[in-house]
Every structure is written in C-alpha cells, then in structure tokens.
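Participant: Sequence:
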Amino acid sequence: MITLDSTPLARQGIDAAVDFALERLDRRVAPLGDGARALAASIRRAASGGKRFRPLLVVAAFETLHGPAIARPALYEVAAAFELLHTAFVVHDDVIDHDVERRGVPNIGGEFRRRGLDKGADAGGAALLGDAAAILAGDLLLHEAGRMIAVAEIPASLREQLLQLVDDAVLVSAAGELADVENAVSPGDVDPDTVLRTTHDKTAVYSFSAPLQAGAVMAGAERSTQWALERFGERLGLAYQLVDDLIGAFGTAAASGKDEGCDLREAKKTHLISLARESADWPEVSAALAQAHTGPVAVRAAQTALAKSGARSRLEVLVCETLDEAVAIVEASTLPTECRLMLIELVEAVQERIP
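In full-length UniProt numbering, the protein residues as written are 1 to 355.
Some hints could be false.
[To be verified] Calculated pairs, DSS-like style, for lysine-lysine (alpha carbon to alpha carbon, straight line, at most 25 Å):
#1 51 - 258
#2 258 - 268
#3 268 - 308
#4 269 - 258
#5 269 - 308
[Stated by the list, open to error] With beta-carbon atoms standing in for the labels, derived distance ranges:
#6 294 - 332: 24 to 34 Å
#7 338 - 51: 16 to 26 Å
#8 174 - 296: 26 to 36 Å
#9 332 - 278: 24 to 34 Å
#10 9 - 278: 42 to 52 Å
#11 143 - 220: 47 to 57 Å
#12 174 - 224: 45 to 55 Å
#13 103 - 150: 40 to 50 Å
#14 164 - 337: 22 to 32 Å
#15 324 - 123: 15 to 25 Å
#16 291 - 12: 43 to 53 Å
#17 114 - 191: 37 to 47 Å
#18 337 - 38: 19 to 29 Å
If you are wondering where the hints come from, they were derived from the structure by calculation, not from laboratory data. Values in this document were obtained by computation on a predicted structure and should not be read as measured data. We put the CB at the ideal spot given by N, CA and C, even for glycine.
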C-alpha cells in the first residue's frame with residue numbers, strides 16, 4: 001500500500017472518528033448477546049491500525065484545496081466513513097475468496113470459524129458461521145459508513161453530494177467484484193477489455209476517485225475541480241490495481257501479504273494473463289500456469305514463462321502510460337499548486353510499487 005504524508009492532527013482526527021463509530025457499535029450490541037458482542041470485537045480488530053490511506057486522501061484533498069477551518073470537525077467524520085467502507089469491502093472480499101486469514105492472522109471469518117469449532121460445530125458448521133459473521137460484519141460497516149455521512153454536521157447540499165459519491169463507489173465496486181468472480185469461473189477466455197474494466201471498477205472509484213472528490217466537496221471546490229480529481233483518481237486507481245496484478249504475480253510475500261506468486265497459484269484471470277494470451281508463447285505460459293498451484297518451483301517457472309511472453313513488460317508499459325495520463329490531467333487542470341504537488345506525489349508512489 002502507498003502512504004500519504006499527513007499531520008498528526010489529521011491522523012488523530014480520523015482515528016477518533018473511527019473509534020467513535022466502533023464504540024457506538026459496542027454500546028448498541030451490548031444487550032444483544034455474546035455472539036453480537038464478539039462480532040463487534042472482531043469488527044474493531046478488522047478496522048484497527050492500517051495506514052488510513054483513503055481517509056487521509058480525503059483530508060489531503062481538503063487541505064490542498066484550502067478548505068475552511070469550520071468544516072474540519074465534520075471532515076474527519078466524512079474521511080472515517082471511507083475507512084469503514086474500505087474495511088467492509090475487505091471483509092466481504094475475504095468471504096468471496098474463501099480466505100480465513102489476512103496478513104497471517106485470522107480475519108473475521110477465521111475468528112468465527114474458530115468460535116464455531118470451540119462450541120462443538122463440525123467443519124461445515126464452523127465454515128457457515130465464519131462466512132455468516134463476515135458477511136454481517138461487512139453489512140454493518142457499509143451501513144455505518146453511510147450513517148456517518150448522513151448525520152455529519154454539514155450543509156444539506158454537501159451531504160447530498162457526499163452520499164452520491166458513496167452510493168456510486170459501492171455500486172461500481174460491487175459490479176467490479178461480481179465481474180471479477182464471473183471472469184474467474186468462466187471456463188473460456190475472457191475479453192481483455194472486460195478484464196481491464198473489471199480491474200478499474202474494483203478499486204479506482206472507492207479508493208481514489210471518491211475520496212479525492214469528497215475532500216473537494218468538503219472544501220467547497222468548484223465542479224471543474226471535482227471533475228479533474230474524479231478523472232485523475234480513475235487513472236491512478238487503474239494503475240494502482242494493475243501494479244497489484246504485477247505484485248500478485250511477481251512481488252514478494254511482504255508486498256502482497258500472501259504467498260509469493262499468489263495470483264498465479266490461484267489462477268486469477270488478471271490483465272497480465274490476458275496479455276499473455278495474445279502472445280505466441282501462450283501454449284508454454286498456459287502449461288506453466290496450470291502447474292503454478294503445486295509449489296514455489298512451479299511458480300517461478302510460470303513467472304519466467306510470463307516474462308518471456310512479453311506480458312510483464314507490456315503490463316508495465318500500460319501502467320506507465322496510465323500514470324502519464326493521470327499526470328496530464330493534473331497539468332491541464334487549474335488546481336492549486338499544493339494540490340497538484342500532492343497528486344504528482346501519489347503518481348510517483350504508485351510507480352515505486354512496480355515490482
């Protein structure tokens with residue numbers, strides 16, 4: 001994940017807003033039984049720590065667009081909503097991927113699988129409980145993200161714009177996630193343009209475009225400024241996700257948070273694979289990918305085959321071209337200097353992630 005410079009005040013304000021929302025959940029579930037209390041505790045663990053990149057992006061846009069000081073208390077609530085939105089998507093994504101751990105520790109589904117086993121459930125029952133808990137946790141987080149914006153002390157006109165941003169982010173991300181699963185289960189080839197659109201929809205809007213626009217809305221920026229940030233965020237978000245595809249295939253375990261070559265082991269149909277299909281070396285690549293699940297040696301063979309096919313270098317070129325488009329949007333804009341510099345730093349940070 002890329003980082004974003006911030007003042008201690010910004011991080012403290014975001015953390016306090018997240019904590020307030022989680023404390024509210026703790027209070028509300030207190031009389032609802034041990035299971036509900038355990039779920040709230042798991043949600044707190046899932047939402048704790050992290051770089052808070054998305055909410056800091058909201059604050060960075062607000063600050064570099066010279067937002068009014070009077071809006072700052074509500075700013076942190078709005079920013080925190082994007083952190084809860086992100087946590088919700090992560091929790092649901094783990095269910096979709098059948099993952100019970102995240103970065104080496106049990107996730108919500110994993111915690112509740114263990115809870116089920118401790119209570120005497122068989123493996124199937126424990127899995128059902130784990131999936132149910134994770135789905136419900138994600139639902140609660142999605143609701144809380146919207147609620148935080150709905151009750152924030154901001155003018156009604158701003159609230160309407162912010163809720164529309166969240167609405168769009170949830171819708172586009174859900175469509176992208178569904179398309180990703182459809183692509184994965186399809187027995188045949190998937191159109192490269194479809195894969196690329198899916199790559200964009202999964203991440204670009206909710207992680208980059210919407211937070212940047214939210215900060216602009218809170219700053220009272222003109223629609224032309226919001227539009228520039230929207231287009232920039234979409235290009236940057238696509239590049240970011242394409243770099244994630246490279247990391248999933250060629251990155252270290254530390255970079256991906258999973259085993260090295262995790263995407264190859266799981267036979268994910270990323271844009272990298274789409275590019276390999278277009279090469280004359282596809283038969284060799286396909287044969288190597290078919291064995292990638294068997295272990296590290298097979299993963300390295302698949303990595304070598306992909307690189308030889310030219311798919312890796314072609315994807316790196318596409319990342320650089322997409323980042324160049326993001327830079328061009330900034331250069332053609334009338335954004336304040338501080339905002340332009342912040343956006344260019346984001347471009348450089350994404351570029352530095354290329355494995």
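Participant: Go through the numbered hints given earlier and state which of them the structure violates, listing their numbers in rising order.
Facilitator: 6, 11, 12, 13, 15 and 18
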